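**Student:** Taking the numbering used here, the leading residue of the sequence shown gets 1, the next gets one more, and so forth.
Derived from the structure by calculation, the hints contain no laboratory data. There could be a bad hint or two in this list.
Derived pair list, reagent style EDC-like, types lysine to aspartate or glutamate, alpha-carbon separation capped at 20 Å [unchecked claim]:
(1) Lys157 / Glu231
(2) Lys241 / Asp215
(3) Lys235 / Asp251
(4) Lys96 / Glu107
(5) Lys96 / Asp146
(6) Lys241 / Asp251
(7) Lys158 / Glu84
(8) Lys21 / Glu73
(9) Lys235 / Glu105
(10) Lys250 / Glu231
(11) Lys117 / Asp68
(12) Lys117 / Glu231
(13) Lys117 / Glu61
(14) Lys250 / Asp142
(15) Lys94 / Asp142
(16) Lys157 / Glu55
(17) Lys117 / Asp142
(18) Lys117 / Glu107
(19) Lys133 / Glu73
(20) Lys235 / Glu259
Please read all numbers here as calculations on a predicted model, not as lab measurements.
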Amino acid sequence: MEWVRGKTIGHGSFAAVSLAKPINQSSDFPPLMAVKSCGVSHCESLINERMILEELKDCPEIIGCYGDSMTIENGQRLYNVALEYASGGALSEKVKNSGGLRLSENEVRRYTNSILKGLHFIHQNGYVHCDIKLQNVLLVCDGGKDAVKIADFGLAKKTTGSGELNSKYEIRGSPMYMAPETVVGGEQESASDIWALGCLVTEMITGNPVWNCSDIGNLLMKIGVGAEIPEIPGKLSEEGKDFIGKCFLKDPRKRWTAEMLLNHPFVNTVSFKEETENQISPRDPFDFPDWESEQSCLVTPESSPEFNCWFGEQDEFQSGSPSIPPATRLGQLLTDQKPNWSVSNSWVKVR
């Protein structure tokens with residue numbers, strides 16, 4: 001496959017991600033892709049990611065891979081992997097840009113359901129992701145609604161299935177999401193991904209990291225020593241609290257598996273219906289602060305002498321302020337001037 005590199009949309013320690021378009025359009029490749037590239041001297045992790053993605057290609061909850069290639073650009077030899085383009089970016093950005101408002105619980109349930117399906121497929125095929133976190137879950141548009149897919153398999157590995165401690169004491173992943181058994185003995189099996197999932201779900205709810213600790217040494221001590229677990233959000237439903245509790249069991253042998261969690265009521269009753277974010281029901285017929293009729297959008301102070309009677313002062317309307325209390329708006333309607341019902345061209349058709 002021949003392709004043209006576009007602008008850079010992300011980068012890591014060794015690899016950068018760019019937009020790319022195939023030169024010859026065909027049904028085998030999408031019109032827009034993301035290409036992950038690095039120098040050939042540092043491509044071991046990226047080669048590992050491409051091989052794993054090819055094995056996991058049948059799961060819709062995992063980012064797609066379209067193959068690899070070698071290029072020479074600006075005198076440097078690059079190894080490239082063509083990936084499915086996630087136009088919505090990372091889930092971490094959605095949480096960060098939520099304006100201080102947490103994601104709705106139904107959104108969290110829906111995303112968690114999809115991530116669990118992906119994790120179940122990964123574990124079922126004998127792999128551990130080793131770096132489950134908000135930054136490695138991407139948003140794609142699926143039928144007009146965003147869906148999530150697990151990405152970044154550069155640290156993924158084959159599971160041993162033994163549950164034994166790693167003699168090399170090899171630690172992979174991000175400290176904030178690490179499981180106790182990983183910190184204590186370098187053990188990273190499927191249960192470690194589930195602990196990280198609990199951290200991810202908690203962060204979706206609160207918008208904050210699960211551990212309030214910036215020092216890496218102290219953080220690892222907090223995770224690995226003692227019985228302390230991350231705080232479970234109090235504003236979560238009882239089902240949600242129980243779900244996270246099943247992820248935060250210190251003993252990995254008692255921690256629930258992805259398959260078990262998929263049957264938990266927090267995710268198996270999730271609603272996939274379209275929802276309006278932060279929609280508040282009106283308390284009375286005048287409690288629609290952002291509503292404007294089709295006609296009112298065309299009204300200006302110059303064209304209507306009654307403008308100030310209906311909408312208040314000119315500067316308030318032009319600033320877009322919707323802060324007039326319902327009682328004030330009702331009072332503005334109660335005037336001694338009788339309406340002229342014969343003038344029909346100013347009526348608003350509502351039915």
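**Student:** Does the structure break any of the earlier hints, and which numbers would those be?
**Tutor:** Hints 1, 2, 3, 7, 11, 12, 14, 19 and 20 contradicted; others consistent.
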